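Asker: Residues per chain are reported as follows:
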Amino acid sequence: MYDTFDEQYAATIGIDFLSKTMYLEDNKTIRLQLWDTAGQERFRSLIPSYIRDSHVAVICYDITSKKSFDNLTNWINDVKLERGDEVIIVIVGNKSDLGNKRQVTQEECDELVKKVGAKFALETSTKANHNVKLLFKKIASCLPDFNEVEERNEPETIDVNIEQSENTSSCC
Amino acid sequence: MDFIDFDSFQDGNDLPQPQPALSLPLASNIENFGKKFSNLNSLTRSLLRNAGGNSKTDSEDEENYLQSQAFQVAEKYASMSLNMLKDSDEVSSLNVGNGTSVGGTDGSTNVPYTKQSSDKNLSTRLSRVLSNPISDSSIREIFLSLEQKISDTTELVEPGVVGSMTRKALRSEIENDLIKTQSMLIREYQPVYKNLSQLEDKLNKLNRIYEDAKTKIELDCENVAQFNQEATDLTSRKQVISLKKNLLSSFRKNFTLSEYEEHLLTNSEINEDFFLALTKAEQIHENCSILLSSDNPKLGLKIMSKMMSHISKSVDRILLFCNKTFGNLHSLNTRDRLTTLHQCLRYLSQKPTYLNSVIAGFTESRSKTLVDEFLNQINGNLDQRNEFESDNSQVTESRRNRRRSSASRPIVLSAHDPVRFIGDMLACIHSVVVNEIETIQNIFNENDQVFKSMSSKMVVVTLSSLSKPIKSRIEQIISSETKIGTLFSIYNLLDLYTMMLGKQLKSDKETTEESNNADLIATINQLSKTSTKKIFSIVRNRLLTIKHSNQAQLDINSSLQPPEWIIEFYSDIIPLLDNITTPTIMNMEEKENEEFMNLVINEPVEIFDEHLKKSNTSNSKTLFDKRDQLILKANFVDLVLSKVTPISVLTDKVLQLHSILNEITIKLTEIQSQHYFEGCGLTNYVNIVNMICPFTDDFFDSSIYQPIVENKLFVKDELDKTNFEIQSFLPTALLDIQQSLLRLNSPIIVNDVVTNSSLELVKFYLKFGILIDKFLKEKLLSWSDLEVATLLGIDSIYNEEKNKLQFEEDI
Ligand SMILES: Nc1nc2c(ncn2[C@@H]2O[C@H](COP(=O)(O)OP(=O)(O)OP(=O)(O)O)[C@@H](O)[C@H]2O)c(=O)[nH]1
Ligand SMILES: [Mg+2]
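Residue numbers (full-length UniProt numbering), protein chains in the order written: chain L, 1 to 172; chain X, 1 to 811.
This is chain X alone, in the form it adopts within the complex:
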C-alpha cells in the first residue's frame, strides 16, 4: 500500500504553477482490499466446506472467524506499525517501512526517498486521488469524515516522527474504519450470500436433476416413440387378426356344423337339439348362395353339398322315424315320442312333398288296416285273425280284432236279411269312423292349425278307403234286391247314416267338400241314390210288365172292378210313400220327384186306359158300352185316389186325380141324362130346342123360342104321345138308373150322376112345359115339374135349384 508522503511538502514553496495532479493510490487500495477479500473469500469457502454438513453452527463459526480475522488484521497492522516505528528509529529519514508490508504482493521495498521522487510520488498520488471520478459531494463527505478523525492537525502535519506516527495512526484508524464499514457492508451481504449460495446449491441440484430428468425424458421419449411404433404395429396386426378371427368364426358359425351337431344329425336320437342342428344346416345351405357369388364358388359348392347330404340324411331319419311311429301307433302312448313326432311333422310341413309322402304312407297303412278289419268283420275269417295276432307291429289292431271277433259275431248275411246286414255293416263303419277320428285326433291333439287341417284330411282320406269295399258290398245287395220295401229300408238306412256320419265328420266339412268322390259319406250318399234308382227302376219295370201282361188285361171284366195288379202295386208302393218325411220322395231332385210321382200315379192310370182301350177293340167277348168304360175308369181312379189321398207328398197328384174323376162324372151324367131324355121320348124336342137356343140356367125368354111352332113335332098329338111315354117311363127310371150305376164303387159319384142328370131332365121338363103353354095355349104335360122331381127323388134339391133359375116372368 502506498502512502501519501508529506515529506516533500514545503510551505514556502512558490506555487506559481499548479503542481501536476497527485495520483492518490486510493483506488488501488480498495482493489487490494478486494484482493484480500478474495483471499478471505477463499478462506471462508474452505471453512464452509469444512463445516460440511453441520450448517447449524455456520453462522456462529463465521462470527468467530470474522472476529479472529479482525484481530489478525489488527495484529498485523499493529506489528506493521511497530516495525515501521523501529524503522523510523533506525532511519531518521522519511521512508516507509514497507518491506514486509501487507499482502506480500507488493514487491517494492525501501524506495530511496528523494525530493524529486517524493514529489513525483505525491503528485501521482494526488492526481490519482483528484482525478478520481468521485463526485464532489462524495469527496466532501470523505473529507468531512476525515476531519472528524483528525483531532490535531498540527501533529499530523508535523514532519518528523510524531507526525508520521500520527499520520500512520490516522491512517490505520481510517483503514480500520474502512475495514469496519466494509466488513459491515459485506456482513450485510452475508445472509444474502448465504441464501444465494444455498440457492445456488439448490439450483445446481435442480439443474442436475433437470439435466438428469431431461436426459431421462429424452431417453424415455425415444423409447416411447419406439414403443408407440411397436404398439401401433401390433394393434394394426391385432386388428387384422381379429378381423380374420371374426371372419373365420362367423364363417364357422354360418358355414360349418360343430362335431356335436353333426353327431346330432347323424347318430343321436331325434329331439329338440336335432332340429336346432338341422335348422342350422339348412341355414348354412342357404347362406352358401353368398359363397357361390364370390370369385371362387368351389368352397360354397363344397359346403353346400356337405350340408345337403346332412340335411337329406336327417330328413331321411325324420321320415324313417315318422313312418316307424305311424307303423306302430302303440308307441305313441309315450308323451316324448308324440312330441317328437309333432316336431317331425312340423318340420316336414315345410317340405310338402315329404310330408305328403309320410301322410300318404300313414293313411295308406291305416286304410289297409281298416279295410282288412272291415273285411274281417264281414267274412269273420279265423285265419286272418291269427295272422293279425302274430304280427307284432299291430298289437292294437290285433287286440281290437280279437276283441271284436270274440266278443261279437261276424257280420254275415246269415238271416238273409239284407237290411240287417247293411245295418250291421254301417254300424260297424260308424264305429270305425269314430275310432279312427279318435285315433288320429289322439295323434294330432295339438291346436295347431296345420295339424288340424292335416288330421281332418287324414281322417277323410283314411276313411275313404272303406268306400270301395262298402260300395261293392252294398251295391251288390241293392242290385240283387227286388223288394221295394226292403230297398226302401236300405235307402232309409243309407240316408240316416249319411246324416250320422256327417255329424261325426262335420268338423271336416271344408275339407270334405273339396275332397274327391271317394269320400265315405259321399259314397254312402251315392249308395242311397243307387237304392233310389233301383226302386225307381223296379217300379218302372213292374209297370212295364203289367202293361204288357195279358193277365192284367184280362183283369178287366164285367164286374167293372179295378184290376188286381193296381192293388198289389199300391200295397208295395204306398208304405214307401207313407214313410216319407222329406219334402220330396226320398230326397230326390224336383224333376226326379215329379217323374217318380208320375210313374207311381199317372202311369198306372195310363196303363189302365190302354188296357181298357185294347179290351174294347181286340176282345170281342167282353165289349163294354161307354157307360161301363167310364165306370171302370172311375172305379180305378177312385181306388188310386183312396190310396193316395192320405199321403202328404202327393197332394198335387190328388188334385189331378180329382179332376179326372170330375170329368168322368160329367161324362157319366151326360150319358145318364141322354138316357132319361130317350126314355121320356124327349130327345127330339131337346134337339129342336138346342137348334134354336140351348136352355141355360141363367137366362130364359120363351119368346125367342117362337120358331118352335113351325116344327111338325110341336103339335098336340105328338106331345100327347110324349106325355104318355113320360108317364110310363119315369116311375121306374130311378130304379133303372141306380141299377145301371150299381157297379160304380164311389157312392159320391153315383149320387152326383143321378142327381145331376135328374136335375137336367126336370129343368128341361119345366121349361118345355112353359113353351107348350105359351105357344099351344094348352097344358099337354100332365105332371108338374115338382112331381117329376119327386119321382126322380130330387125334390128337395130341385126346389133349391129352381130358385136359382132365371125367368123372364114369374109363373
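So here's chain L without its partners, still in its complex pose:
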C-alpha cells in the first residue's frame, strides 16, 4: 500500500489514510483514496463507518494462515451488512512469497469468491512486491462509472488487512 515493505511489524492504529493517483492505459487518471483499517479487535468498531462511504472493499488474508482465511467470511458479512451488494469486494491472499508454508489453496479462495460474489481474488506479496501494482490497477478498472470522468473522482477504497498480526512471528 505504501509501496514499501517493512519487516518490522507495526500494527495499524485506528485507520490509516493514503491517496494514490493511478494512470490507466487510456490516459485517464483516477485517484484512489485508501483507508487502511486496523485488524485488531479493539479497532473493529471503527470499520463500518468507513465502509459506508467506500466503493471497494479489499479484504486480505494470509495464505499461510488458514485461520485468517476462515475469518474472511466474518469480514465480508460486516461489509455486506453495511452496504448490501452495492460494494465491490476484492479478496487478496497476501504473503505469496511464503508458498512453502501455504495453508490456503487458490482453489479454496476461488470457491469463496464465487460463494460471496466477490469481484475477483488475487494473491500478492508485499514483501516481494508481487501483484501489488496489478491489484490497484484491477481495482481502478473495476470502477466503470468513474472511468468516464477524469480526475476529480475519488472513489474510496477500504483496505482491510485482517489478522495478519497473528502471523508476525512466522515471518520475521
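You may find that some hints are simply not true.
[Said to hold, decoys possible] Computed cross-link-like contacts, SDA-like style, restricted to lysine to any residue with a CA-CA straight-line distance of at most 20 Å:
no. : chain 1 : residue 1 : chain 2 : residue 2
1   : X       : K452      : L       : S19
2   : X       : K216      : X       : L206
3   : L       : K20       : X       : N435
4   : X       : K483      : L       : S45
5   : X       : K802      : X       : Q656
6   : L       : K80       : X       : R420
7   : X       : K503      : X       : K483
8   : X       : K779      : L       : S45
9   : X       : K503      : L       : F43
10  : X       : K503      : L       : D36
11  : X       : K324      : X       : S312
12  : X       : K503      : L       : A11
13  : X       : K503      : L       : K80
14  : X       : K503      : L       : S19
15  : L       : K20       : X       : E436
16  : L       : K20       : X       : K503
17  : X       : K503      : L       : I13
[What the hints assert, rightly or not] Short, incomplete list of chain L residues facing chain X, as computed with Cβ under 8 Å:
no. : residue
18  : Q8
19  : A11
20  : I15
21  : Y23
22  : T29
23  : Q33
24  : L46
25  : Y50
26  : R52
27  : D53
[As the list claims (entries may be wrong)] One side of the interface only, derived from the structure: several residues of chain L facing chain X at Cβ under 10 Å:
no. : residue
28  : I13
29  : S19
30  : R31
31  : W35
32  : R42
33  : D97
34  : S141
Hints in this document: simulated from the structure, not taken from any laboratory. Please read these numbers as outputs of a predicted model, since none were measured by experiment. We treat Cβ as the ideally placed atom computed from N, Cα and C, and that holds for glycine.
Let chain L serve as the given structure and place chain X with the ligands on it in line with the hints.
Answerer: Chain X with the ligands only, in chain L's frame:
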C-alpha cells in the same frame, strides 16, 4: 664698332710726353656683342615659341639655326669687308666704311679723318683699352693669342690698303674667334639654359598650381572654419536634443505605461504580461517619489494617481480572478488557470491584506461548503441536495454530495447507538479532512514556501469550521449519555481520532500549534476531555447518590457481606479501567488521575465506613459488635481489592488497600486473642504481666517478674481454677473461633487471625508457665505449651515460632 686706327701712328714722332691714354672701345664691343646676343636671344625665343609642342626637334633646330646664324654673321662681315674694300678703292684715305655697319645702331658715319681727331680717337681708344681693369696676366694672355694670329706684322702695320686689309682680316678673324669662343661658351650654357627654362616652366606651373592651391586652400579653410562652426553648433544642439530625448525616453520608461500595457492591465486576461505591466506600474508609482521631490510635484502627483488607479484596478481584477477561481474549483483543472492563480497569489503575497482577504474568502466558502456537506450528511436532507444540484458553481460539491447521499445512508442516530453515530460522524470528518487536504494541496502543489504555509494554514482554518457543528453535536450526545461504558467508548473514539487526524494534519504541526482553539483537532481533543469530565461527574454523582441512599444503608446486614451497590459500581467502572493502556486513566493529568482513582477506590470505602458507622448508631435493629464491623469492612475492602488488583494503573491503590486490610486483620487478631484470654480466664494475669513488663518475642528474663508474687491472684488456688478453665475452654475454642469468623470472606484473613491469636495465647501460656514454675516452684498448668498449640491447630507453626523466641536460659 670702332676700330683702332693706326693712321696717325708715326714712328718718327718724338714721344717725350706720354700720349694720353688710348681708349680702346673693347668693352663696348663686347657690350654690343651682348646686344646682338640679346637680339639673338629674342630670336631663339621666338623660334622656341614657334617650336611649340615639338620640343623633340628643338636641339636639332637650334643647331641648324646656330649654323645659319654663323653663316649670316660671316656673310655680313664678308659683305661689310667687301664694302669697305670698295670704299677704300674709292677713297684713298684711311677711313672706315662704317655707314652700314653692324647693328644698324651706330649712327656715326664717315667721320672725317683728321690727324687730330685720329689721335684723339686712338688715344681714347687706347686709354680705354689700357684703362681697362684687366689684369696683366689677362692682358698678356690676350696678347699672346693675338700674337698667334698675327703672322706678318709688317703687313699689318703697313699703312695702306694691304695693311688695313690685313688688319681688317685680323680683326675679323679675331672677331670670328671671339664670336666662336663666345658662342661656344654660350653653347655650353645652352643645355643649362634649356633646363633652366624648362625648370622655369615647371616652376611657373608649380607656382601657378601653388597659387591656385593656396587660394583654394584658403577658400577651403574659410569654408572649413565656417563648416566647423556649424558642425559644433549642430553637435551641441544634437547633444542637447539627445539629452532631452534620453530624458524623455527614460521618463517614458520610468513614468509611463505603453498603451499596450494599459490595455493589458485593464482589459486583457491575466497572464505573464499582465504581471509585468503591473510590476511596471508599481515601479512607476514608486519612482514618482523622485518627481514629488522636484520643484513642481504636480506631475508626480498626476502620474501617481494615474498609476494608483491602474494598480488598484489590476488588483481588483486579480482579486476578482482569485475569488472567481476559488468559487469554482472545477475550473482549476486547467493547468493555465492554476498557474495564473499561483501568479496572482504570489503577487498578492506582497499585499498581505488583499491576500488575506482572498484566502479568507476562500476558506470561508470552503468552510461553508464543508459545514453544509457535513450537516447534510447528518440530516440527510433531500431538499438540500436538490438545491445543491441546481447550483452550477458547485458542480463538484454537488456531485460529491449526490454520490454520498445516494451511495450511503445519511448518518442518523438511527439505532440509538451514540457510539456508532459519533464513529460515523468522525469517520465522515476524517474523510472530509483528507479530501480537503487533497483539494487544497492540489491547488497549492508548488514547493513554494509561501504556498506551503499558506495552504496548511488554509487547511487548518477551513477545517476548523467543522469544529463548531461537531462540537455541538457530540457535546449534546455526551451530556445526554449516562452510561459510563458508552461514554468511555466515546472517549476512546475521540481520543483515537485526535491521534488519527493529527497524523493527517501533522505536516501542519507548526501552524496548528499557533492556531486558535477552533482548530479541529483541538476541538476533538477537547471533546474527549469533555467525555472524561462527564465520566468523572457521573461517577461522582453516582457515589453521591449511594452515599445518601437508604437502600445502600440497608444493604449492610447481618450476613456481613459487601453491599450490592459496590458490586454494581465496579461492574461499570472496572471494564473502563481495564481497557486503559495509557499510563494515566484516559490520559488525564497526574492530579486528575489521582483524583479519579481516589474517587473510584477510596471514596466507596469511605462511603461504606460512613454507612457502617451510621447503621451502628441510628439503627438499633442491627447492632454490630466490633468484630462484625471489622468483618464487614474486611469483606468490603477485600472485594474492592479483588476487583482492582488486576488493573495495572491501580497498583498504588492496591497497596493502599492491602495496608487497610492488614490493619483490619491486626484488629481482628487482637479481638480474637482477647477472646482467647477471656475464655481461658487469663485476662487478669495478662494485665498483671503487662503492668510489670509486657512479654515480647525477643526478650524474656523471668527474674524481672519477681513482683508478680505479691499479687494476690498469683497463688495456687487461683491458678488451679484458671487451669481448669483452660482445660474446659480450649478443646472447643478452635471451633468457636472458626464459627465466629465464618462470615469473613477472605480465607487468608481468617487464617491469619486464627493463627496469630492462637500463637499469642500459646506464647503467653508458655511464659506464664515458666513464671509459675519459677516463683511458686510448682507445676500448676497441666498442659504443656505444645499440647495447647495442638489443640488450637497451630502446632507446626508454633514449633517454628518457638525457635525464634529468646529465653534467658534453656528450658
Ligand atoms: N513474508 C511476508 N511477510 C509479510 C507480507 N506482508 C506483510 N508481511 C508481514 O506481516 C506482518 C504484518 O503486516 P501488516 O501489513 O502490518 O499487517 P496488518 O494487517 O496491517 O496489521 P494491522 O494493521 O494490525 O491490522 C509484518 O511483519 C510484515 O512484515 C508478505 O507479503 N510476505
Ligand atoms: Mg496495518
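Asker: Work down the list of hints and note, for each, if the structure agrees.
Answerer: So, going through the hints one by one against the coordinates:
For the proposed pair K452/X and S19/L, the alpha carbon gap of about 19 Å is at most 20 Å, so the pair holds. A threshold of 20 Å between alpha carbons decides the hint, and for K216/X with L206/X the separation of about 14 Å falls inside it, so the pair holds. Simply put, K20/L and N435/X have alpha-carbon atoms about 12 Å apart, close enough for the 20 Å limit, and the pair holds. Restraint check: the Cα-Cα separation between K483/X and S45/L comes to about 18 Å, which is no more than 20 Å; the hinted pair holds.
For the given pair, K802/X sits about 32 Å from Q656/X by alpha-carbon distance, which is inconsistent with the 20 Å threshold. Distance check on the hinted pair: K80/L and R420/X sit about 17 Å apart at the alpha-carbon level, within 20 Å; holds. Our distance criterion of 20 Å between C-alpha atoms is broken by K503/X and K483/X, whose separation comes to about 30 Å. For the given pair, K779/X sits about 79 Å from S45/L by alpha-carbon distance, which is inconsistent with the 20 Å threshold.
Straight-line distance between C-alpha atoms of K503/X and F43/L comes to about 17 Å, which keeps the hinted pair within the 20 Å bound. Only pairs whose Cα atoms come within 20 Å are accepted, and K503/X paired with D36/L is accepted, the gap being roughly 13 Å. Simply put, K324/X and S312/X have alpha-carbon atoms about 18 Å apart, close enough for the 20 Å limit, and the pair holds. At most 20 Å may separate the alpha-carbon atoms for a hinted pair to count; K503/X and A11/L meet this at roughly 15 Å.
With a C-alpha separation of about 29 Å, the suggested pairing of K503/X with K80/L is violated against the 20 Å cut-off. Straight-line distance between C-alpha atoms of K503/X and S19/L comes to about 14 Å, which keeps the hinted pair within the 20 Å bound. Proximity of K20/L to E436/X is assessed by CA-CA distance (about 15 Å); at most 20 Å being required, the pair is judged to hold. The straight-line distance between the Cα atoms of K20/L and K503/X is roughly 17 Å, inside the 20 Å bound, and the hint therefore holds.
Of the pairs offered as hints, the one joining K503/X and I13/L holds, with about 11 Å between alpha carbons and a cut-off of 20 Å not exceeded. A cut of 8 Å between beta carbons decides the hint on Q8/L: the least distance to chain X is about 18 Å, and the hint is violated. About 12 Å separates the beta-carbon of A11/L from the nearest beta-carbon of chain X, more than 8 Å, and the hint is not met. The restraint placing I15/L at the interface with chain X holds, with a minimum CB-CB distance near 6 Å, inside the 8 Å limit.
At its closest, the beta carbon of Y23/L sits 16 Å from a beta carbon of chain X; the interface hint therefore is violated under the 8 Å criterion. Below 8 Å, beta-carbon pairs count as interface contacts, and T29/L has none with chain X, the closest being about 11 Å; its hint is therefore violated. For Q33/L, the shortest C-beta to C-beta distance to chain X is roughly 7 Å, which falls under 8 Å, so the interface hint holds. Annotation: interface hint on L46/L holds; nearest CB of chain X at approximately 6 Å, less than 8 Å.
At about 5 Å, the closest approach between the beta carbon of Y50/L and any beta carbon in chain X falls short of 8 Å, and the interface hint on this residue holds. For R52/L, the shortest C-beta to C-beta distance to chain X is roughly 5 Å, which falls under 8 Å, so the interface hint holds. Checking D53/L against chain X by beta carbon gives a least distance of about 5 Å; that is within 8 Å, so the hint holds. About 7 Å separates the beta-carbon of I13/L from the nearest beta-carbon of chain X, less than 10 Å, and the hint is met.
At its closest, the beta carbon of S19/L sits 6 Å from a beta carbon of chain X; the interface hint therefore holds under the 10 Å criterion. With 10 Å as the threshold, the beta carbon of R31/L comes within range of chain X, its nearest partner Cβ sitting at about 8 Å, so the hint holds. With 10 Å as the threshold, the beta carbon of W35/L comes within range of chain X, its nearest partner Cβ sitting at about 8 Å, so the hint holds. For R42/L, the shortest C-beta to C-beta distance to chain X is roughly 8 Å, which falls under 10 Å, so the interface hint holds.
Evaluation of the D97/L hint against chain X yields a violated restraint, the C-beta minimum of about 29 Å exceeding 10 Å. With its C-beta approaching chain X no nearer than about 19 Å, S141/L sits outside the 10 Å limit, and its interface hint is violated.
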